[in-house]
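Once you have looked at the hints, place chain H on chain F.
The residues making up each chain are set out below.
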Amino acid sequence: MAQLQVQDLHLSFGGLTALNGISLSVELGEIFAIIGPNGAGKTCILNCICRFYHPDQGSVIFENQEILNFPPHKIAGMGIARTFQNIELFQGMTVLDNIKLGAHVHLRSGFLSGGFYWGKARKEEMKLRREVEEQIIDLLEIQAIRKEIVGTLPYGLQKRVELARALAMRPKILLLDEPMAGMNLEETEDMARFILDINEERGVTIVLIEHDMGVVMDISDRIFVLDFGTRIAEGRPEEIQHNEHVINAYLGGSDAAFSKLGL
Amino acid sequence: MPTGLFHTRYEDDEKIFHTLWVRIWMWSFVLFLFLVFPFVASPLSGFFGFSVQHMANMIGIFIIGAHGLNLLTGFTGQISLGHGAFMGVGAFTSAILFMKAGWPFWLSLPAAGFVSAGVGMIFGVPSLRLRGLYLAIATMAAQFIIDYAMRNWTSLTGGSAGFNVDRPSIFGFALDTDLRYYYLILVLAIVSTLFLKNLLRTKTGRAMVAIRDRYLSAEIMGVNLFKYRLLAFGISSFYVGVAGGLFAHYNLVVSDEHFTMWLSIQYLAMVIIGGLGHVLGGIFGTIFMVLLPELLRIPTEILSNIYPNIFAIFGTLRELVFGLVIILFLIFEPDGLAARWHTIRAYWKLWPFSY
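Line by line, the protein sequences are chains F and H.
The first sequence begins at 2 in our numbering and counts up one residue at a time.
The second sequence begins at 78 in our numbering and counts up one residue at a time.
Bound conformation, chain F alone (with noise of 0.2 Å):
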């Protein structure tokens, strides 16, 4: 059974149809990328599994549980994190504070305890702030930007604090919306790098939304491609680099293709 199973998905707004019947499933500790041009509803696919939209029609199964049934703050508890396309960050929180509301399901204290601040709430602070610095911060190499404003760094640096407080959500799919999205080739190598090490040192399943062929084709296992609303094709990366439907429907004709597909 695939750890994260969206069947027969249907969403519009209006008369406009977003999402028409669509079926993937992605299996445990794979990179899973989701392609398509503008508008195809690749974030809609993302916003239905994180209970942001609710779909007109169809099922999202997370290890075996429907999640259509959870309001939107129980999926987060269920071990499902993302990233968004424009940064959604706490604006004026510290990094370290945002990086520690992603374990928000995971603190037991109330506020009683936290206000006295009483050995209980106390003792599981203290576990967060080692948790965050050992196997986040340091991962993520953002040491140096701990105690800034969010809202006072610059665009990549914020894509990665978005990824830390992901990560502190200690998921177990990682729904990544556009992590590379405006970002110099550097910056994107370091995403790149992150996203497998995530991936290959905690097992955590990515699901990938992105625009850059070179990396989707690089790291993913396998490809899903998207356009109006409906599945055009899906396989390993070099079978979507040579599949006609793709070339012709996403990247228009074959000239353009070999470009953008790095043939």
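It is worth saying that the hints were derived from the structure and are not from the lab.
One or more of the hints may lead you astray.
[To be verified] DSSO-like, lysine-lysine: derived pairs with alpha carbons at most 30 Å apart: (1) K274(H) to K75(F); (2) K426(H) to K92(H); (3) K128(F) to K274(H); (4) K148(F) to K177(H); (5) K128(F) to K173(F); (6) K92(H) to K274(H); (7) K124(F) to K75(F); (8) K304(H) to K173(F); (9) K304(H) to K92(H); (10) K173(F) to K124(F); (11) K426(H) to K148(F); (12) K121(F) to K92(H); (13) K124(F) to K177(H); (14) K148(F) to K304(H); (15) K124(F) to K92(H); (16) K274(H) to K426(H); (17) K128(F) to K148(F); (18) K148(F) to K92(H); (19) K121(F) to K304(H); (20) K121(F) to K148(F); (21) K75(F) to K304(H); (22) K128(F) to K75(F); (23) K274(H) to K304(H); (24) K173(F) to K121(F); (25) K124(F) to K274(H); (26) K148(F) to K124(F); (27) K148(F) to K173(F); (28) K128(F) to K304(H); (29) K274(H) to K121(F); (30) K177(H) to K128(F); (31) K173(F) to K75(F).
[Said to hold, decoys possible] Quick look at which bits of chain F chain H covers, simulated, 3 or more residues with Cβ under 8 Å: (32) 11 to 19; (33) 28 to 39; (34) 98 to 109.
[Claimed, not checked] One side of the interface only, derived from the structure: several residues of chain H facing chain F at Cβ under 10 Å: (35) A251; (36) D253; (37) T254; (38) D255; (39) L256; (40) R257.
Every residue, glycine too, gets a C-beta built ideally from N, C-alpha and C.
Just chain H, lined up with the frame of chain F:
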């Protein structure tokens, strides 16, 4: 000479007061408030022409309330125009339980907090759907409803005349003078400040700030928006409720005229002038708002000695200057006094090599 802070343990880095010097300063400040201030208060009163002790007590009471509103508006991003009324709920609760039901003060004061918290949470329910100006209007409805109840529920509240409240005693210690009451207020103000500060560095506070900054992504991170918005209303109203209870027994009379819309707006002014989203903001803002009208009395009285009929021409000169000062503050320091304080501290920390 220190060139920076180099902690070797996470515990040190998470402390509220980071260095030994800061801790020494804070302890000496607290000791000053406990031991020295009460004795310099009466000579100072002669100099300023108003009771410094009384002013300190009022500041202490309103600091507790301002912390409450700051938690709600400054840290959770939920505006409230009903906090004056919630303070009234606390005041009447403690006064009625103490005077009419014969409860001891150490029970009636927390009860004031809890009843206020309950009322605040009821009127906080719209916050799930409403934000910004719309929530302001919804909470303003709370102000008017409670105001109306306080004035017209005569059997309970004594109507618009209110009723007299005695100074309480706590565990046999009579709080019958301003000075004795001062110690109770001081302890509660310090506890409420520390509670707020601690809350903000643990789970609950982080969730609230996250809701303020971006509630949609907070929800994806697993924050239950409804729970934390209501909790913010509850804790916040608890704070003003306790402040109300303290106020009732200090003022010796409770009536609805103390807890009008004007008080709600004053509370908002306190946290905005002090600095939304800074714990120090509630303290600075309250000191500013309580003290400034009294301090303005001095120059206007001198002025009226020179030009005896100036008040005939400018009847509301003091209020005029008060308004002007607030406007000037908001123009030149929109982030509040607390932000200015941080700038000053950052400047002196590295002086004279501030680069």
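Verification of the hints:
For the hint linking K274(H) to K75(F), the alpha-carbon distance of about 28 Å falls within 30 Å, and the restraint holds. Taking the CA atoms of K426(H) and K92(H), the gap is about 19 Å. The hint holds against a cut of 30 Å. A C-alpha spacing of about 20 Å is found between K128(F) and K274(H), which places the hinted pair at or below 30 Å, so the restraint holds. In summary, the hint linking K148(F) to K177(H) is not supported, as the alpha carbons are separated by about 53 Å, beyond the 30 Å threshold.
For the hint linking K128(F) to K173(F), the alpha-carbon distance of about 20 Å falls within 30 Å, and the restraint holds. A distance of roughly 11 Å separates the Cα atoms of K92(H) and K274(H); the hinted pair therefore holds under the 30 Å criterion. The hinted pair formed by K124(F) and K75(F) meets the criterion: a straight-line CA distance of about 25 Å does not exceed 30 Å. A distance of roughly 26 Å separates the Cα atoms of K304(H) and K173(F); the hinted pair therefore holds under the 30 Å criterion.
For the given pair, K304(H) sits about 28 Å from K92(H) by alpha-carbon distance, which is consistent with the 30 Å threshold. Between K173(F) and K124(F) the alpha-carbon distance is near 25 Å, which keeps this suggested pair within the 30 Å criterion. Of the supplied pair hints, the one linking K426(H) and K148(F) holds, its CA atoms being roughly 17 Å apart against a limit of 30 Å. Using a Cα cut-off of 30 Å, the hinted pair K121(F) and K92(H) holds, with the two alpha carbons roughly 16 Å apart.
Distance hint between K124(F) and K177(H) is unfulfilled; the C-alpha atoms sit about 45 Å from each other, more than 30 Å. Restraint check for K148(F) and K304(H): satisfied, since their Cα atoms lie roughly 28 Å apart, inside the 30 Å limit. The hinted pair formed by K124(F) and K92(H) meets the criterion: a straight-line CA distance of about 13 Å does not exceed 30 Å. A C-alpha spacing of about 22 Å is found between K274(H) and K426(H), which places the hinted pair at or below 30 Å, so the restraint holds.
Distance restraint check for K128(F) and K148(F): the Cα-Cα separation of roughly 18 Å lies within the 30 Å cut-off, and the hinted pair is therefore satisfied. Between K148(F) and K92(H) the CA atoms are separated by roughly 14 Å; this keeps the pair inside 30 Å, and the hint holds. Between K121(F) and K304(H) the CA atoms are separated by roughly 21 Å; this keeps the pair inside 30 Å, and the hint holds. Distance check on the hinted pair: K121(F) and K148(F) sit about 24 Å apart at the alpha-carbon level, within 30 Å; holds.
Of the supplied pair hints, the one linking K75(F) and K304(H) holds, its CA atoms being roughly 13 Å apart against a limit of 30 Å. For the suggested pair K128(F) and K75(F), the alpha carbons sit about 23 Å apart, so the restraint of at most 30 Å is met. For the suggested pair K274(H) and K304(H), the alpha carbons sit about 20 Å apart, so the restraint of at most 30 Å is met. With a CA separation close to 26 Å, the supplied pair K173(F) and K121(F) stays within the 30 Å bound.
Taken as a hint, the K124(F) and K274(H) pair is honoured in the structure, with Cα atoms around 17 Å apart against an allowance of 30 Å. Between the alpha carbons of K148(F) and K124(F) the distance comes to roughly 21 Å, so the proposed pair stays at or under 30 Å and holds. For the suggested pair K148(F) and K173(F), the alpha carbons sit about 28 Å apart, so the restraint of at most 30 Å is met. Taking the CA atoms of K128(F) and K304(H), the gap is about 25 Å. The hint holds against a cut of 30 Å.
At roughly 17 Å between alpha-carbon atoms, K274(H) and K121(F) fall within 30 Å of each other, so this suggested pair holds. Using a Cα cut-off of 30 Å, the hinted pair K177(H) and K128(F) is violated, with the two alpha carbons roughly 50 Å apart. Among the hinted pairs, K173(F) with K75(F) is consistent with the structure: their alpha-carbon atoms are about 14 Å apart, no more than 30 Å. For a cut-off of 8 Å, the count of residues in the segment 11 to 19 of chain F with a CB near a CB of chain H stands at 0, and the three-residue condition is violated.
Only residues whose beta carbon comes within less than 8 Å of a beta carbon in chain H count, and the segment 28 to 39 of chain F has 0; fewer than three means the coverage is violated. Counting residues of the segment 98 to 109 of chain F whose beta carbon lies closer than 8 Å to any beta carbon of chain H gives 7, which meets the minimum of three for the stated coverage. Using the Cβ-Cβ criterion of 10 Å, the hint placing A251(H) at the interface with chain F is not satisfied: the shortest such distance is roughly 29 Å. Checking D253(H) against chain F: minimum C-beta separation of about 31 Å lies over 10 Å; hint violated.
Nearest Cβ of chain F to the Cβ of T254(H): about 30 Å, over the 10 Å cut. The hint is violated. Taking 10 Å as the C-beta contact cut-off toward chain F, the hint placing D255(H) at the interface is violated, the least distance being around 29 Å. Hint on L256(H) is violated. Least Cβ distance to chain F is approximately 28 Å, over the 10 Å limit. Interface restraint check for R257(H): the shortest CB-CB distance to chain F comes to about 26 Å, outside 10 Å, so the restraint is violated.
Of the numbered hints given earlier, the model fails hints 4, 13, 30, 32, 33, 35, 36, 37, 38, 39, 40; all others are met.
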